[in-house]
Each structure stands twice: as structure tokens, then as C-alpha cells.
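Engineer: Each protein sequence line maps, in turn, to chains R and H. Under my numbering, the residues of the first sequence are numbered 1 to 208, in order. Under my numbering, the residues of the second sequence are numbered 1 to 400, in order.
For the record, the hints were derived by calculation from the structure and aren't laboratory data. Everything numeric in this text was worked out from a predicted model, so none of it was measured. Glycine included, every Cβ here is placed at the ideal spot set by N, Cα and C. Mixed in with the good hints there might be a few duds.
Negatives, chain H to chain R, calculated, CB over 10 Å [said to hold, decoys possible]: (1) 10; (2) 21; (3) 32; (4) 42; (5) 99; (6) 129; (7) 133; (8) 140; (9) 169; (10) 171; (11) 281; (12) 342; (13) 367.
If you want a taste of the chain R side facing chain H, the calculated C-beta under 8 Å gives, among others [stated by the list, open to error]: (14) 36; (15) 37; (16) 41; (17) 52; (18) 66; (19) 69; (20) 72; (21) 136; (22) 150; (23) 170; (24) 173; (25) 177; (26) 191.
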Amino acid sequence: MRYPEQWIRLSPLVDTERVELEELAARLRARDGIWMERVLRELLPLVRRVVHRLLGPHRDREDAVQDAMAAIAAALYRFEGRSSISTLAQRITVRVASRHYARHRAEFGDPDLDARALAEDECGSCPERAASVRQRVARLYHHLESLSEARRTAFVLCVIEEMSPTEAALIVGCSAVALRSRLFEARRELDERLKRDPVLSCQRERLR
Amino acid sequence: MKPSEFDLLDEIAREARMLEPVSRAHDDDALIAHAALAGRARHEAAASRRRAVIACCTVLGVAACVALLWKGQEAPAPDAIVELTLPTGDRLSATGDARFDVISSETARRVVRLTQGAMLFDVAPLRPGSHFEVETPTARIRVRGTVFSVETSDRGTAVSTYEGRVEVCVNGTSHVLDAGASHGAEVASERLGLLESRGRAAATRRVRVSSAAISPGEGESIIVSRSEPRAVGHELPAESRGASVTERRDGARARPRQSQNATEPADEGLAVAREPSVDPAARILEADALRASGQLSEAADAYEDAARRLSGPMAYAPAFLAAELRLEHLRDAAGTLRVLDETRIDQRGSPFRERGLVLRAEALDRLGRAAELQDVAEQYVAEMPDGPRRDWMRARMRPE
Numbered sequence: 001m002r003y004p005e006q007w008i009r010l011s012p013l014v015d016t017e018r019v020e021l022e023e024l025a026a027r028l029r030a031r032d033g034i035w036m037e038r039v040l041r042e043l044l045p046l047v048r049r050v051v052h053r054l055l056g057p058h059r060d061r062e063d064a065v066q067d068a069m070a071a072i073a074a075a076l077y078r079f080e081g082r083s084s085i086s087t088l089a090q091r092i093t094v095r096v097a098s099r100h101y102a103r104h105r106a107e108f109g110d111p112d113l114d115a116r117a118l119a120e121d122e123c124g125s126c127p128e129r130a131a132s133v134r135q136r137v138a139r140l141y142h143h144l145e146s147l148s149e150a151r152r153t154a155f156v157l158c159v160i161e162e163m164s165p166t167e168a169a170l171i172v173g174c175s176a177v178a179l180r181s182r183l184f185e186a187r188r189e190l191d192e193r194l195k196r197d198p199v200l201s202c203q204r205e206r207l208r
Numbered sequence: 001m002k003p004s005e006f007d008l009l010d011e012i013a014r015e016a017r018m019l020e021p022v023s024r025a026h027d028d029d030a031l032i033a034h035a036a037l038a039g040r041a042r043h044e045a046a047a048s049r050r051r052a053v054i055a056c057c058t059v060l061g062v063a064a065c066v067a068l069l070w071k072g073q074e075a076p077a078p079d080a081i082v083e084l085t086l087p088t089g090d091r092l093s094a095t096g097d098a099r100f101d102v103i104s105s106e107t108a109r110r111v112v113r114l115t116q117g118a119m120l121f122d123v124a125p126l127r128p129g130s131h132f133e134v135e136t137p138t139a140r141i142r143v144r145g146t147v148f149s150v151e152t153s154d155r156g157t158a159v160s161t162y163e164g165r166v167e168v169c170v171n172g173t174s175h176v177l178d179a180g181a182s183h184g185a186e187v188a189s190e191r192l193g194l195l196e197s198r199g200r201a202a203a204t205r206r207v208r209v210s211s212a213a214i215s216p217g218e219g220e221s222i223i224v225s226r227s228e229p230r231a232v233g234h235e236l237p238a239e240s241r242g243a244s245v246t247e248r249r250d251g252a253r254a255r256p257r258q259s260q261n262a263t264e265p266a267d268e269g270l271a272v273a274r275e276p277s278v279d280p281a282a283r284i285l286e287a288d289a290l291r292a293s294g295q296l297s298e299a300a301d302a303y304e305d306a307a308r309r310l311s312g313p314m315a316y317a318p319a320f321l322a323a324e325l326r327l328e329h330l331r332d333a334a335g336t337l338r339v340l341d342e343t344r345i346d347q348r349g350s351p352f353r354e355r356g357l358v359l360r361a362e363a364l365d366r367l368g369r370a371a372e373l374q375d376v377a378e379q380y381v382a383e384m385p386d387g388p389r390r391d392w393m394r395a396r397m398r399p400e
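Work out the full structure: start from the sequences and follow the hints.
Structural biologist: This is how it looks when you write it as C-alpha cells:
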């Protein structure tokens, strides 16, 4: 069977992508070791992106990526196809990222450090604009630290990753109603904090 | 239009979305390869843990089945063999569908009631006045220490004797069975066949060991009085009680044994059958098998036993194996020294001098006996300056 050379960027609940990945998963279940690396390679961008979104600018996020990938590889041996692989991968990634966050919580939250840590991320705009973007994003993550882990995850998945509450609930393992509630509370709390942020408040004035 | 409260938040969230993590192909290759390996290792470790849990549950399940069988409840598969040993040393082997109860396990009176299926009885020697009895719905079998099997069903009771003698009482009629004889063969089924090989093995073991447990003089022939196992409790002709058999044995095949009770040589012979094999070569073989099966403590005991029964250089090899097992695997430094002291395998002139000194030094080191360790280390370095453990020994010599 020929597989397309060009893989489509993954996102959950998209039939085309799921079919291709599930074919790989079927090969995995047949214990074809070659396909494990193919599946992992396909999942890596998704995992990395979710980790970076969840942990924000932190120097150890590549460690979390590595841990998540190893956990996904172990889980793939028992994968039975009851959900999509990308959902499985995201679920595991969220769990691993939460553990890393809880473990290194004390190290998070310096907005200046955060901005520098974002320096490697591509921004796609002119350097001055890029610096401003990184600073604002660093401020956002600084305030995300004040949220509970559940609200933080809900905000990152739904607002930054643009998942629907239903999709996010599937990954987090709660009801859609609960996730919507967490999202609402997260947005309300963040907005209160942004209002009081001295760096961002002048930008808020500009938008008025 | 007035910007909503959430506009700034959404704006910044959109900017956060624009930030894409950078990946490097070279680093990604390494990351993926590592993840694949780590994932397989975790999976295999988890699978191993699951297998261990399953094995543990299986063991518990088998134990539960044995317990149920012991209580005469629902039995495992008919062709399975379940083994039990009574506190008195009697070994019972039962087919999977056997139903039986141990009515009494007292030393003087052992009674087993077999209501269904087949069992093999390897009965420990009985003291005078004691007896072993098997009851079935249709028969009663009484023995004085022997190997025999019994099968009972609604068609009747079948008995086979592999060693010694039993008396079978059926409907008031008594039948005496010598080794190799059977009663009720017409009602026997394949169940007795399942036990036959075990019965023959047990009988062979008894005969071989009891024939070895006899005092020789070199080149002398000796006379052994051996009481035939006889049934007690049921009426026997008076002249058959206390009957003895006299036989001559070639001294070249006999081996020394001190008999404490000259009136019961048969009991002593059978008691020897309960001991581990007295043939040191067989004992070494037994120790090798125990070691291979992971029963290291039993293996060390068997090697030591073999070493004690041998003399001179022949004892060195099992002694060394015993000492090494105790030190390396059983962490028994004191036991190691005891073996070395008893067997002296590390004495001058022994082919195990170097290995023995190393074992002694390591044992002393673990016991913290520094002064003795220094002596041993100095001996080693003086005699074996190029020995493989010279550096280790030098580090433990007395400082100059």
C-alpha cells in the first residue's frame, strides 16, 4: 500500500487526516516497528505545539515534549482504535504538560525571562513587532500562572488552540458543560488581571 | 464600536497562536528515535508487570483450587495431579477429580477417606503400634509404610501396590498385596495410570536408598534383617506377625550406616528414604538442578552436604560452589566462612587456593573483620602477586 509522501497537518476530527493515521495505527497493531517512528514523526508537531501552548515560554518545554512522545509511544502499543490517534496524543500531552507545570511551577512567571524564552519562536513579522508580540504573550502567560491548572488548560485549548469546548472536553476528560464553565471563569479572571497590568493597560487604551 | 472587554485578551491570544515552536530536523530525528525506544521499554515493563500480576493471580488461583480440593469440594481437571504432604510426612498424590478427607493425621493413626477418584500414597515409616488407613465406600486398606494407590468409584475399589505390602479388606474378606500386585483391576480406570509412574518412582527411590543404608565392611557380605511391612489392626494369622526376611548383601554395594535401633532396620531404611539422597554424586547433581532452578539456598545446602560426604580433593568443587553461592547470592558471609573452615579449600596446595582466599577475604570484608582480612590479603599478595584480585587485596593490607 502506498502512503502519500506529503502528510497533512493534524487536527482532530478531520476525516482525511484520521484515515491516514489510522492506517498507520493498523500497521502498528500488526507489530510493524517501522510504522511506530512514522506515527511519532507525524504526531511530533502537534505534541510540540500543544506543549508550547500549555507551558508557555519555559526553558524545559522540550523535556515535556520528549516525555509526552515517550508516553505516546508506549500507549500506541495498546492502542485499539476506539478514539483517533491525535486525540490520544493530545490527551497524553495535556497530562504530561500538567505534570511538568506542577513540578516546575516555581520556575514559571518571570515575564522578562518569558519574553526571552520566546525569542526562538517564529513570529512571522518584523523584528520590532515580533519583540512586542513576544512581550505581550509573555505577559499573558505570566497571568495564566495565576489560574488553576484546569482553567489554564481550558483557556489554552479553547482560546489559543481554537478547539471547541466539546473537543477540549474529550481531551481533558471532563464534560463539555464543565469545560465551558472553566473557560468562562478563565476569561473573566484573565481580563481582570490584564486590566491591572501596567504594560498592557496602555495598549488597552490604544484599542479604545 | 466600543471594544469589548475581551478584545485585548483575544488579541493577545491570537498573537500567542502566531508563535510557532521551531523544530530542527536533526534534533527531531533523535527525539523520535528516543521516544520510540523509551515507549517500547515502558510498554515491555508494563507488560512484564501485568504478567507478574497474572502469574501471581494464577498461583493464588491454583492454591485456592488445592484448598478446595483438600476440603473435598469441586476439583480441578480430572487429569491434573495434586500433591499434598501430611504433617506426618506422608505424601499424597490425587487425580484432579478425587474427593477425599483426612480424617486423622495423628502420628499413631492416620486415616484418609477417599470417596471418589484415585490417589497414590507414599506412606512414611510407622512406629510400632501406629497405622495408616485408607477408607473407601467399599474397602478399607491398612498399611505399615509403603507405596500404593487406591481408586474408588461406584463400581468398586482398585488397589495397586508398588512397594511393601498392604492388606485390603472388602466385604469382610482380606487380601494381602505385595509389591507389584493389585486388587480390583476390573474397576480401575485411566486415573490409576496417571499415578502409576509416580508410584513406581517412589518405590524405586525407597528400594535404592534402603539398600544403600546398610553397614558394609569392605569385601564383606553382611546379613540384613528387614521386617516386611505388614498390615495391622485387621485380624492376621499370629504366625505372620513379626515375620522377617533375611538376606545377604554384597559388601561392595553396601554403604556405612550406624543403626540406633537394631530391632527396626526396615523403619530406619525407610527413614533414610525420607532423607535427601546420600550418594554425593547424586547430591551434586541435585544441587546443580536446584541452582539452575533458582533455589539457591537449597542448592548451597546440597553442595555442602555433598562436600561433607566426599573426602580430599573430590570435596573441593562442591565446597567451593557452596561457599560461592552463600557469599555472592545469599549474602551469607558467615556461612561462607563456615564452609571454608570446614572444607579448607583455601589451604595451601588446594587447586581452589586463589578462589578460596578471595571468597574468604570478601566474606571477612563484609563482616568487618579487618585484622583477619589483612592477614588474608597479605597471604594472597605474597603468593599470587599477579593474581586477578591483587589490587583489591593490596588495598586491604596493613599500611606500611
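Engineer: Have a go at the residue 150(R) hint: is there a Cβ in chain H nearer than 8 Å to its own Cβ?
Structural biologist: Check failed: Cβ of residue 150(R) comes no nearer than 18 Å to chain H, outside 8 Å.
Engineer: Mind checking the CB of residue 72(R) against every CB in chain H and telling me if the closest is under 8 Å?
Structural biologist: holds (7 Å)
Engineer: Are residue 136(R) and chain H close enough, Cβ to Cβ, to be under 8 Å, as the hint says?
Structural biologist: Hint on residue 136(R): holds, closest Cβ of chain H at ~5 Å, below 8 Å.
Engineer: Is the nearest CB of chain R more than 10 Å from the CB of residue 171(H)?
Structural biologist: It holds; residue 171(H) is separated from chain R by about 65 Å at its closest Cβ, greater than 10 Å.
Engineer: Beyond 10 Å from every chain R Cβ: check whether that's true for residue 21(H).
Structural biologist: violated (4 Å)
Engineer: Using 8 Å as the Cβ threshold, decide whether residue 37(R) counts as touching chain H.
Structural biologist: It holds, given that the least Cβ distance between residue 37(R) and chain H is near 5 Å, below 8 Å.
Engineer: Confirm or reject: residue 169(H) is not an interface residue toward chain R, with every Cβ-Cβ distance exceeding 10 Å.
Structural biologist: About 63 Å separates residue 169(H) from the closest Cβ of chain R, which puts it past 10 Å; holds.
Engineer: Given residue 69(R) as an interface hint, is its Cβ closer than 8 Å to any Cβ of chain H?
Structural biologist: holds (4 Å)
Engineer: Min Cβ distance, residue 177(R) to chain H: is it shorter than 8 Å?
Structural biologist: violated (21 Å)
Engineer: Any Cβ of chain R at or closer than 10 Å to residue 133(H), or is the non-interface label fine?
Structural biologist: About 57 Å separates residue 133(H) from the closest Cβ of chain R, which puts it past 10 Å; holds.
Engineer: Are all C-beta atoms of chain R more than 10 Å from that of residue 140(H)?
Structural biologist: At about 59 Å from chain R, residue 140(H) clears the 10 Å cut-off, so the statement holds.
Engineer: May I ask you to test the interface hint for residue 41(R) with respect to chain H, counting a Cβ-Cβ separation under 8 Å as satisfied?
Structural biologist: Holds, because the Cβ-Cβ distance from residue 41(R) to chain H comes to roughly 5 Å (cut-off 8 Å).
Consistency note: the structure conflicts with the earlier hints numbered 1, 2, 3, 4, 22, 23, 24 and 25.
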